[in-house]
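According to UniProt numbering, the sequence shown is numbered sequentially starting from 1.
It should be emphasised that the hints constitute simulated quantities derived from the structure, not laboratory data.
Idealized CB from N, CA, C, for every residue including glycine.
Among these hints, one or two may not hold up.
Here are the simulated DSBU-like pairs of lysine-lysine, each with C-alpha atoms no more than 30 Å apart in a straight line [to be verified]:
no. : residue 1 : residue 2
1   : 133       : 179
2   : 156       : 133
3   : 156       : 67
4   : 34        : 48
Cβ-Cβ distance ranges computed for the label pairs, FRET-style [said to hold, decoys possible]:
no. : residue 1 : residue 2 : range
5   : 323       : 222       : 27 to 37 Å
6   : 66        : 204       : 51 to 61 Å
7   : 388       : 222       : 23 to 33 Å
8   : 172       : 235       : 17 to 27 Å
9   : 183       : 323       : 48 to 58 Å
10  : 158       : 221       : 33 to 43 Å
11  : 463       : 30        : 38 to 48 Å
12  : 50        : 183       : 48 to 58 Å
13  : 343       : 57        : 25 to 35 Å
14  : 281       : 378       : 41 to 51 Å
15  : 135       : 66        : 30 to 40 Å
16  : 388       : 34        : 28 to 38 Å
17  : 439       : 463       : 44 to 54 Å
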Amino acid sequence: MVVAEPTTLIIFRVKGSLELRCHLDSTETSHIQKVLSRTFENLRAQIKSESCVFTVCNTPVIIWPNKDVYEDITPDSPCEDVLQRIQSDEPESGGKRATKKKGKKDLSASVISLRLMMEVTKPGPLSAPVISKTVQKSHFLSATLPLDCAVRTHSKDTIKDVCDRLLEALTQQLCEMEKVMLQHMKGSTLLTAEPLHFLLPEPKGLVTVVFPAGVPDKELEAQRRELHQRFKLPNDRPYFRRANAYHFPNEHYKDGYLRNPHHALTHPTLENGKVFMVQGIYSYHHYMQDRMDDNGWGCAYRSLQTICSWFQQQGYVEQPVPSHKEIQQALVDVGDKQANFVGSRQWIGSIEVQAVLNHLLGITSKIMFVSQGSELASKGRELANHFLTEGTPIMIGGGVLAHTILGVAWSESTGQIRYLILDPHYTGSEDLQVITDKGWCGWKGADFWDQTAYYNLCLPQRPRVI
1 MVVAEPTTLI IFRVKGSLEL RCHLDSTETS HIQKVLSRTF ENLRAQIKSE SCVFTVCNTP
61 VIIWPNKDVY EDITPDSPCE DVLQRIQSDE PESGGKRATK KKGKKDLSAS VISLRLMMEV
121 TKPGPLSAPV ISKTVQKSHF LSATLPLDCA VRTHSKDTIK DVCDRLLEAL TQQLCEMEKV
181 MLQHMKGSTL LTAEPLHFLL PEPKGLVTVV FPAGVPDKEL EAQRRELHQR FKLPNDRPYF
241 RRANAYHFPN EHYKDGYLRN PHHALTHPTL ENGKVFMVQG IYSYHHYMQD RMDDNGWGCA
301 YRSLQTICSW FQQQGYVEQP VPSHKEIQQA LVDVGDKQAN FVGSRQWIGS IEVQAVLNHL
361 LGITSKIMFV SQGSELASKG RELANHFLTE GTPIMIGGGV LAHTILGVAW SESTGQIRYL
421 ILDPHYTGSE DLQVITDKGW CGWKGADFWD QTAYYNLCLP QRPRVI
């Protein structure tokens, strides 16, 4: 019996820019459209020409895909060879944020970045330049087109196969850009096109969509509906809002917050148990961030911020994550607190979290009341159903403590339950290894809760929007 060698998925991503330049004899719409289409045709010809070059970032590998010329590698080399080359050439970086757990899968290694370039010099002797001058009246349109294509492939596939797919993707993206720019042209004003990647539920995978840059999401609903129909997606989740654009694993978030630290954890094993978890991306908000000393009183504020980040990063809202002061002002505005509450160090609970989510984001929530912590062990079905249908983080408050529940492992037959807890009481730096090793994000048993204290849980509901 022959056993097939395991293969891994690799994303090849090529980025670059092409200059769109149009000389117009008139500003009539039909003329502009004709010249624009001819210009895009020339740009597509550039992609198919022998001057098109791919350079593999962080390696000496250079590829002329239309000439089948490969420097420092062969066309038949498997993709994993390039991946290993990048890994061996990458310098080790210091600092706590660079620390990785041994044995964990390094997701950033699955992305290979390439640059699209155009060779401007031609072989052979150079002729002397000739200068000529022509005086005429004309209009000139110019724009920089930010090309960005990504394809998923297997580690055993050849580099030539990947390059052929990238050339096809670049050509198709220029077609989509032409269509978008013509569709949104107003007089002689052109909107540039913006390519975005979205990771759809399997088996659809990673897809690229071109939107008109600068047009807000609320004005693109018709285009999103068309995309939902094309990919056979339900119309109750915003798969194609800009906030849902795929964040490549080898790119850092600029705001400094950790995303989804629970991905570094191993699921608990329960007899006949299933795991139900938060769906999508959230930021980990905890004590002492944002130059705010809320140690000892701000845990519920931080849990609320984590919830707000989830709605923002899933594209349901565009508002930024509120500060402590903005949360307090919202509670004053809805009549829940007196004016002197703003700027105070007073605690809030799940009822206040519900009020702020509704007032600032228009998000409704359900409240689950538990008279004592020992009853939480019997709430497996309700919690599992919440993560299955809504998929939002849950804020739980009891006594003077608040936590965020990100999921449950629950066995319907035995009643065993474990809770995936994100603890806002953490005061350290954004060190994933410390956060997971020390249990600031981790699976907890039923004894984690004070068995005699009452608890209120705020279960935010996902809006049904496209």
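| message | What's the verdict on residue 156 and residue 133, does the C-alpha distance respect the 30 Å limit or exceed it? | response | Distance of about 55 Å is beyond 30 Å: violated.
| field | Status of the given 51 to 61 Å range, CB of residue 204 versus CB of residue 66 | value | 30 Å, violated
| Between residue 388 and residue 222, does the beta-carbon spacing fit 23 to 33 Å? | For residue 388 and residue 222 the Cβ distance comes to about 31 Å; the hint holds.
| Should the hint that residue 50 and residue 183 are 48 to 58 Å apart at their CB atoms be regarded as holding? | 32 Å, violated
| task | For residue 172 and residue 235, compare the CB-CB distance with the range 17 to 27 Å and indicate the outcome. | result | At roughly 26 Å between Cβ atoms, residue 235 and residue 172 fall inside 17 to 27 Å, so the hint holds.
| query | Cβ-Cβ distance between residue 323 and residue 222: within 27 to 37 Å? | reply | The hint (27 to 37 Å, Cβ to Cβ) holds, given that residue 323 and residue 222 are roughly 35 Å apart.
| said: Please check whether residue 439 and residue 463 have a Cβ separation lying inside 44 to 54 Å. | reply: Roughly 33 Å apart at Cβ, these two residues miss the hinted range, so it is violated.
| Range hint 41 to 51 Å (beta carbons of residue 281 and residue 378) holds or violated | This hint is violated: roughly 31 Å between Cβ atoms.
| Has the given pair, residue 133 with residue 179, been kept, meaning a C-alpha gap of at most 30 Å? | Distance ~35 Å between residue 133 and residue 179 Cα, so the pair is violated.
| request: With respect to the beta-carbon atoms only, verify the hint that residue 463 and residue 30 lie 38 to 48 Å apart. | output: 43 Å, holds
| CB of residue 135 to CB of residue 66, is that within 30 to 40 Å? | Holds, at about 38 Å.
| query | Holds or violated: residue 156 with residue 67, Cα cutoff 30 Å? | reply | 22 Å, holds
In summary, the structure is inconsistent with hints 1, 2, 6, 9, 12, 13, 14, 16 and 17 from the numbered list given earlier, while agreeing with the others.
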